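J.: Sequence:
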Amino acid sequence: MTRYTLILILALMAGLPFLSFASSYNGTTKSGETYFQQRVYGPGEELRYSLNYGFIKGGEASLMVKDTTLHGEKLHHVIARGKTVGLADAIYKVRDRYESFIDPQTDLPVKSVRSIREGSYRYYNEVSYEHQHLDSAKIESKKSGEKWVPENIQDILSAFYYARKHKFNEDLKEGELIEIMTYFSDELFPLRIRYKGVEVIDTPLGDLECYKFVPVTEVGRAFKNEDDMQVWISRDKNRVPVRIRFQLRVGAFTCNLEQFRGLHNPFSSFHVD
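Just so we're aligned: the sequence shown equals residues -22 to -1, 1 to 251 in mature numbering (1 follows the signal peptide of the UniProt record, and there is no 0).
Because the hints were derived from the structure by calculation, they are not lab data.
Among these hints, one or two may not hold up.
Unchecked claim - Think about it this way: if two alpha-carbon atoms lie no more than 25 Å apart in a straight line, the pair counts; the simulated DMTMM-like pairs of lysine to aspartate or glutamate are:
1) Lys143 - Asp185
2) Lys116 - Glu51
3) Lys215 - Glu177
4) Lys116 - Glu96
5) Lys44 - Glu24
6) Lys215 - Glu24
7) Lys143 - Glu108
8) Lys174 - Asp206
9) Lys215 - Asp45
10) Lys120 - Asp81
11) Lys35 - Glu51
12) Lys89 - Glu104
13) Lys190 - Glu104
Since we're looking at a predicted model, the values are computed, not measured.
Work out the full structure, taking the sequences as your base and the hints as a guide.
T.: See below:
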């Protein structure tokens, strides 16, 4: 799967509004609240999305959070699945799964899994992370072995949950460009996005107030312009992806949130005139 399709199917980030990890984790936010005290999401949360090309439904995606234990450590196990349906499934079957095992005390990944089944193509890899080192982290990929990477490195999925807790908020200024460094496809991959302000959008769930972001995309390969992808995040304490719309050379696609359950906070993004 291309990076762009991944971002769409996860309905997450498409570049994500992150601040760079210029300073190391110190266990608290700017307000002094510990990371663990910020309750934006938790085990039991499930988000379901549909992917449409015009009026044609071509895919489905889901995001799920569970509790788990790995090597005696209590973690959040996040699972993202994407698949084609209908005619798209008959033409080119996709069954992709991404997993991240996240330390809830630091919001850093301990392990990530990537399982790709697209047509006849198959890919599987696991990456483990060690964050106990000064000024850097050590990762071990089953595909490429050990290497050293910048401290506070995220995987592509844990980055989204970190952003939900600490970056999607009212402190963002319109036009602000924010960034996070991730490790994806056995290489460093910076995710970048620009905040565009608050917007009310009409969705299958109703009229919702959302934070709007425009990712900084790679022009020429799939996109014609840097603003060909747009992301809307619910303007409430849950900060869930509500919609992603992107214009590719082959046409426009939309990914909409259709169902949710197990949210940690009441869904309160509905717009009231």
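J.: Now tell me if each hint is right for this structure.
T.: These are the hints, each one checked on the structure:
Note on Lys143 and Asp185: the hinted pairing holds, with a Cα-Cα distance of about 23 Å set against a maximum of 25 Å. This hinted pair checks out: Lys116 and Glu51 have alpha carbons roughly 18 Å apart, not beyond 25 Å. Among the hinted pairs, Lys215 with Glu177 is consistent with the structure: their alpha-carbon atoms are about 16 Å apart, no more than 25 Å. Straight-line distance between C-alpha atoms of Lys116 and Glu96 comes to about 30 Å, which puts the hinted pair past the 25 Å bound.
With a C-alpha separation of about 9 Å, the suggested pair Lys44 and Glu24 falls inside the 25 Å cut-off, and the hint holds. With a C-alpha separation of about 16 Å, the suggested pairing of Lys215 with Glu24 holds against the 25 Å cut-off. A distance of roughly 22 Å separates the Cα atoms of Lys143 and Glu108; the hinted pair therefore holds under the 25 Å criterion. For the given pair, Lys174 sits about 14 Å from Asp206 by alpha-carbon distance, which is consistent with the 25 Å threshold.
Between the alpha carbons of Lys215 and Asp45 the distance comes to roughly 21 Å, so the proposed pair stays at or under 25 Å and holds. Straight-line distance between C-alpha atoms of Lys120 and Asp81 comes to about 21 Å, which keeps the hinted pair within the 25 Å bound. Between Lys35 and Glu51 the CA atoms are separated by roughly 40 Å; this puts the pair beyond 25 Å, and the hint is violated. Using a Cα cut-off of 25 Å, the hinted pair Lys89 and Glu104 holds, with the two alpha carbons roughly 7 Å apart.
Restraint check: the Cα-Cα separation between Lys190 and Glu104 comes to about 33 Å, which exceeds 25 Å; the hinted pair is violated.
Checked against the numbered hints given earlier, this structure breaks hints 4, 11, 13; the rest are met.
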